[in-house]
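Quick mapping for you: the protein sequence lines, in order, are chains A and B.
Residue numbers for the first sequence follow the numbering used here, so the first one is 501 and each next one is one higher.
Residue numbers for the second sequence follow the numbering used here, so the first one is 437 and each next one is one higher.
It should be emphasised that the hints constitute simulated quantities derived from the structure, not laboratory data.
There could be a bad hint or two in this list.
To be verified - Going by beta-carbon spacing under 10 Å, a handful of chain A positions derived as facing chain B:
#1 538
#2 560
#3 594
#4 604
#5 618
#6 623
#7 643
#8 652
#9 655
#10 658
Yeah, the Cβ is synthetic: ideal placement off N, Cα and C, and Gly gets one too.
Single-letter residue listing:
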Amino acid sequence: MATSARPVAPAAAVTTAGAPISRIQVTVNGQPVVAEVEPRTLLVHFLREVLGLTGTHIGCDTSHCGACTVHLDGKPVKSCTVLAVQASGRQVRTVEGLEVDGKLSPVQEAFIEAHGLQCGFCTPGMMMTATALLARNPNPTDAETRDAIRGNLCRCTGYVNIVKAIRLAGQKMQSASSAPGGKP
Amino acid sequence: MSAPVPGVKGGIGQPILRKEDARFVRGKGSYIDDFKFPGMLYLDIARSPYAHAKITSIRTDRALKVPGVLAVITGKDLEAAGLAWMPTLMSDKQMVLPTDTVMYQAQEVVAVVADSRYAAADGAAAVEVDYEPLPVVTDPFKAIEPGAPVIRTDRKEPSNHIWHWETGDRAATDRAFATAPVSVAQDLYIPRIHVSSMETCGCIAQMDPVSGRFTLWMTTQAPHAIRTVFALVTGLPEQNIRVISPDIGGGFGGKVPVYPGYVLASVASIKTGRPVKWIEDRSENLQADSFARDYHIHAEVAAERDGTVTALRVKTLADHGYTDAAANPSKFPAGLFHIITGSYPFAKAFVEVDAAYTNKPPGGIAYRCSFRVTEAVYTIERMMDILAHRLRVDPAELRLKNFIPPEAFPYRSALGWTYDSGNYGAALAKAMEIIDYAGLRREQAEKRRKGELMGIGISSFTEIVGAGPSATFDILGIKMFDSAEVRIHPTGKVLARFGTKSQGQGHETTYAQILAEELGIPADDIRVEEGDTDTAPYGLGTYASRSTPTAGAAAAVAARKIREKGRRIAAHLLEVSPDDVEWKDFAFRVKGVPTKSKTMQEVAFAAYTNHPAGVEAGLEAVDYYDPPNMTYPFGSYICVVDIDTETGQVKVRRFVAVDDCGTIINPMIVDGQIHGGLTMGFAPALLEEIQYDENGNVHGGSFMDYLVPTAVETPNWETAKTVTPSPHHPLGAKGVGESATVGAPPAIVNAVVDALQPYGVEHIDIPIHPWKVWQILHTKRGPAP
Chain A
501 MATSARPVAP AAAVTTAGAP ISRIQVTVNG QPVVAEVEPR TLLVHFLREV LGLTGTHIGC
561 DTSHCGACTV HLDGKPVKSC TVLAVQASGR QVRTVEGLEV DGKLSPVQEA FIEAHGLQCG
621 FCTPGMMMTA TALLARNPNP TDAETRDAIR GNLCRCTGYV NIVKAIRLAG QKMQSASSAP
681 GGKP
Chain B
437 MSAPVPGVKG GIGQPILRKE DARFVRGKGS YIDDFKFPGM LYLDIARSPY AHAKITSIRT
497 DRALKVPGVL AVITGKDLEA AGLAWMPTLM SDKQMVLPTD TVMYQAQEVV AVVADSRYAA
557 ADGAAAVEVD YEPLPVVTDP FKAIEPGAPV IRTDRKEPSN HIWHWETGDR AATDRAFATA
617 PVSVAQDLYI PRIHVSSMET CGCIAQMDPV SGRFTLWMTT QAPHAIRTVF ALVTGLPEQN
677 IRVISPDIGG GFGGKVPVYP GYVLASVASI KTGRPVKWIE DRSENLQADS FARDYHIHAE
737 VAAERDGTVT ALRVKTLADH GYTDAAANPS KFPAGLFHII TGSYPFAKAF VEVDAAYTNK
797 PPGGIAYRCS FRVTEAVYTI ERMMDILAHR LRVDPAELRL KNFIPPEAFP YRSALGWTYD
857 SGNYGAALAK AMEIIDYAGL RREQAEKRRK GELMGIGISS FTEIVGAGPS ATFDILGIKM
917 FDSAEVRIHP TGKVLARFGT KSQGQGHETT YAQILAEELG IPADDIRVEE GDTDTAPYGL
977 GTYASRSTPT AGAAAAVAAR KIREKGRRIA AHLLEVSPDD VEWKDFAFRV KGVPTKSKTM
1037 QEVAFAAYTN HPAGVEAGLE AVDYYDPPNM TYPFGSYICV VDIDTETGQV KVRRFVAVDD
1097 CGTIINPMIV DGQIHGGLTM GFAPALLEEI QYDENGNVHG GSFMDYLVPT AVETPNWETA
1157 KTVTPSPHHP LGAKGVGESA TVGAPPAIVN AVVDALQPYG VEHIDIPIHP WKVWQILHTK
1217 RGPAP
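Generate coordinates for the entire structure from the input sequences, incorporating the hints supplied.
Structure (structure tokens):
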């Protein structure tokens, strides 16, 4: 049985009886987690089925759709194309880690306000990519925004309002950091 | 001067933010693959590599030895239970699993059940099947030739011809063409495409062996109809079946049909007594689920010399794959293709469609419009441009000359539909003004002189949605009404349930706004639920832009029933006769003394605490709304493209969409629907196509080569509205989900063909990818130097 900072169920949902097992230690949304997984376990299956973090979705099997995008050491990756063992010793952030102390992140707020989502399936991955974009470029142009999310497919919105939402989130972050008492 | 009318928070016309987003932005939506139950098993499927082959043997012993694998299911197992075949929505038959012959590549052959997702996949990979290839038919024209190999040998008719359908006056139309001073003709192919909702299909089936209760959590747009079909096919008592459709990650019609995987998971749960989950991979979804379009159209338009259109004649061959699994209303095998007379007053029209079987998965089903309206609108809007070019008149001018005039509504078309309302010229004029049409034509003339390729394309579409009146519309005999059940609690808060099922359209918000407006209760105080057949009233579900026209109307009518009862309770509270009380400005008011009033909340409290003698306690109503007519949304779109003469790449520079969907409930949501719809019109025009080679191998079976648009290609859509309410809908609303998908493709193609006028191009079949354009630029004679 794995031990960790939070109780973790055995990875039965994705392990095969008799298969070799690897022990991994990953920090997920700030919480250290220790678990035993089959070496072939994909990070997305580890997050969804072992940790129950079902906000990260699976939309394809060729790394095109980006619904499974999470941050690995701060960089957006497609967690369907990363093995759980590759995340060992590293920091993973998922959509569940965007809201802090009951406060939605500027990206989450902006997606609601600009109607940047419809069915919601691509939204977590889209927001993770957007969050990473705004961390390196808080004031992206329309074209820069579109280019940044080219690896995240959305079938509902036609992207117009997603682009608006991301740029709105950038504005929110800038005005928060320039407001008195805001972060420098 | 009268006081301003008080509004209600979240009422009709307000762009309020969506209720459903709170869970979605937190990653707390509940999609099918997010559910996990104790003891749950996983099902995976071994599929056919051949498009047509005889199965000579199936060996499952190696699969059963894979650690974690508990069971396999073959066609023979299902045959023993009478479940190897099941009905399609068009009363054809489809295989759950084949007993002896596979009929398309990626067809389900053996199901494997295991205690983990990975073990199930290992088991499916270990299934061994021997095949003897059979002749493959992928071309529907060859399929219906005499002597073609017959695909469906289970049918009495030794032929791949499924049905012939025709409508209109053939003789009168032929006569009109014989004497017409001008006529144009064109072959148009609308290829196979796939909805590719971001969430694939899946389910969890759970049979409780003790109680006999069968629960199916399922990605379905029509949970109630599914429950009835399951009851009829399996013989399970309907009260013991519960279908739950959780949050759906996009549907677009692809989640209307019943796929073999749903049935296999159900059988596996019955067999094992444990919950069984089946989730499709993307490649399975793209290769085996239902497809759309695949229409080979020959269209002709007759006109006077001045461009006045007189007659329309259309002959079409539909490729349905190996079974007719279309989701059309029963009486309409070619859907509502007869809306093909479009926005124009054709005096005569004749349309015929023949359907063929081929070695492909089911076709002609759905892509944000299942009822063949897209095919119809594409045809007529392309033909209007071809006629304009032939007559050397501006395509806008030709449309404006021909439009059915606003005073002609309700207008009965030559093919028998009664359009409810329209003002086509106003929509086109608005689009032309926004985009500066005259300025664009001047710019184009200048560019042509410089050898640059710029095109302007128009589409002035008329949609037909909101199915439908029960006299004409049913699916498998179930009439196409829809429903709302509205209950006001003592504290004035509302629970409302519907027979439809949102897949991202925002029903929780839109329906709450309708009820807010009708009940005078803020939208925040109204909770909307759908998708659980144990709790929601019966309805036919969400597709074909029918939710607001049907269930939205039911919400309004149910609310008005509540108001009628509320009036009697209010009269009791106000100590006047019910006849002296009216509902006005969101309250029950004494006629002539509007300040003497009771709110709906006060009346609701009294309905449970102080109801008058002779009036039942409680405050609720149900309505099963049977629409008196279809609704006919319309719009005019103008597209501007630039073509790179080196690469053949088409770039959509601007796209202005003026839509008229009648009364708008939430302008923010309507714009979102139009943005998405336009993108699903843009995609097949320039990118998406599912092709098959002569052996029936699918090309386009993964996102590697099926080109769903990214943010980079997708234009920055510009939207505007005109508002022409439906005269028969209680709110004047018409539905909007599909309009843009239907209206956009011809605008784009018209723009590309317009750009290539100097090369003498009359038509290019979609998708117009750079290679097609490049070939034109390099083989046709271009403009004089």
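Hints not upheld, ascending by number | Of the numbered hints, all hold.
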